[in-house]
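There are 2 protein chains.
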Amino acid sequence: MKLGAIEAGGTKFVLGVGNEQGEILEKIVIPTEHPDITVPKVLEFFEGKGIERLGLGGFGPIDINATSPEYGKLQKTPKTDWVDYPLGAKLKEGLGVPVIIDTDVNVAAMSEAKWGNATDVNTCLYITVGTGIGAGAYFHGQTLKGLSHPEMGHIPVKRHPDDDYEGTCPYHKDCLEGIAAGPSLMNRWGKKGQELADDPKVWEMEAFYLAQALTTYIYILSPERIVMGGGVMKQAQLFPLIRKNVLEMLNGYVSSPFLTEKEIDQYIVPPGLTDEAGVKGALYLAMQQ
Amino acid sequence: MKLGAIEAGGTKFVLGVGNEQGEILEKIVIPTEHPDITVPKVLEFFEGKGIERLGLGGFGPIDINATSPEYGKLQKTPKTDWVDYPLGAKLKEGLGVPVIIDTDVNVAAMSEAKWGNATDVNTCLYITVGTGIGAGAYFHGQTLKGLSHPEMGHIPVKRHPDDDYEGTCPYHKDCLEGIAAGPSLMNRWGKKGQELADDPKVWEMEAFYLAQALTTYIYILSPERIVMGGGVMKQAQLFPLIRKNVLEMLNGYVSSPFLTEKEIDQYIVPPGLTDEAGVKGALYLAMQQ
Ligand SMILES: Nc1ncnc2c1ncn2[C@@H]1O[C@H](COP(=O)(O)OP(=O)(O)O)[C@@H](O)[C@H]1O
Ligand SMILES: Nc1ncnc2c1ncn2[C@@H]1O[C@H](COP(=O)(O)OP(=O)(O)O)[C@@H](O)[C@H]1O
Ligand SMILES: [Zn+2]
Ligand SMILES: [Zn+2]
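Chains as they are written, first to last, in the working numbering: chain A, 5 to 293; chain B, 5 to 293.
Since the hints were derived computationally from the structure, they do not count as laboratory data.
Source: prediction; values computed, not measured.
Each hint should be verified, as a subset may be incorrect.
Which copy is meant is left open, because identical chains are indistinguishable; a pair holds if it fits in one copy or across any two.
[Stated by the list, open to error] Within a straight-line C-alpha distance of at most 16 Å, the following computed EDC-like cross-link-like pairs (lysine to aspartate or glutamate) qualify:
no., residue 1, residue 2
1, Lys77, Glu170
2, Lys196, Glu37
3, Lys118, Glu37
4, Lys162, Asp178
5, Lys80, Asp269
6, Lys118, Glu27
7, Lys94, Glu24
8, Lys177, Glu252
9, Lys6, Glu56
10, Lys6, Asp40
Using the sequences provided together with the hints, build the complete structure.
What follows is the structure, given as structure tokens:
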């Protein structure tokens, strides 16, 4: 069976045709413009390719409740052209195949569980630290959702004692995303993350916030693995700092061999999939149900 | 089929025999003493009752990984007589039936989903605010667990600006449990919760912390309902304060009709089951797999 896969991001759409073995047979990348430009290009790409189902991992917030009349509709995204755009319905209508939709980070978590760095466990968390912070959880073949989809980047956090930066989140100011995503590095230190590589205090503070978030996710979700990706995590120096801070914050409370100095680098890991994570995850999503 | 059910708490064990319809046919309560006293009483109660499976919702931390050689073993509980006690194995050995084990709060979440105030949804969170703070999540027929079981009471929290109480948690001092469980009320204000009913600032601060926790749980788990129980929640005045604070903290970020002034009292609710929640949940657990 041929399957369609879309990774819909704020800057680009990756479109793929693949099969149930997770092979991508054909792939293109198009920029995210106004929906009236981008969506016709998407339809054109899939036209006549014989796909029977389509999976879509989307930027959000987006309605991912399959029983909702607004399934696949974008909500109050910062990409204003896309606010309230019924992406799911347009694709379903245009292609005449079932469309299965989830968030980009849920799809990435699923993709890591199926083909990446979490294939040996039943539960995992994927977190991206980039322009924003988002995370998705995989749990025994499904992704975590309910009332809406998780928005794990917006949790409240305790401030680092040396930090008086007010925060960038338009909704919460100093939520996690507001003080630890890429733009907050720029705003706090006056330079982009990639230009701050040699300044240890930057990464100690960043690790403090990200470790606090992981500690919270561990207490609440107890995932069997945590995969960390996104632009900011390209600073490989963050990994050992985050691991150390997580162990200190947990302070021995959760019993697991993975939550020890010896094994934590097998617990908090970089992604196993790079380029094709989103589109491969969307392929897997297309196979659901 | 007859099923056995145990609600194992720090002060008492509730033992029940029931059936697959959730009826409790017989029930006794015994105090939690040394395991060498309590466990023989448990075995004696179930002896000859013809139960084919046993469900146990236990105080913890406890190993709830069914594939672990230490399944059902207590870990570093404050009840020192029970540290490292292999409760699951002793019951399985003594009764010769399969024993299915989960945490007390996971069992309560399942019980509310099956027979209580969350029967109309597929996901819910149950939180108890008593001597400690614990929460369990129900997700499409299962309870949430992974590396270990969640310990949602121990998440880090931002301090209330008027609060300088240091916190009681032996592991983390001012984690949520350390500053918002029953004993912290006693320590901060010099009186037990039940004696502080008429002091509004007590409940405003308590609501600030509990609402912050719920906000975090909503961002991470997105449950379709939140059920709040435990001794401290007997202060019914907490419910409207918590609901108001949750809406303020979310600040409109999560789209759902339930996260509005109009419907939030159907979203954050008291338990539907009272006395028999634990033992009924354990019965349901006994039917799993
Ligand atoms: N090597 C790097 N070190 C630190 N920060 C980086 C690095 N590369 C990119 N970033 C930051 O990551 C953010 C972009 O994140 P990315 O995951 O690439 O994209 P997006 O989140 O928009 O999909 C920017 O704020 C950028 O400054
Ligand atoms: N009506 C009440 N108002 C406020 N606090 C209460 C009330 N009743 C009990 N508590 C507090 O709740 C805690 C006991 O919680 P409970 O859920 O009854 O037991 P446990 O958590 O030990 O199973 C104590 O700290 C007690 O002071
Ligand atoms: Zn925010
Ligand atoms: Zn704690």
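query: Which earlier hints can't be squared with this structure?
result: 1, 2, 3, 5, 7 and 10
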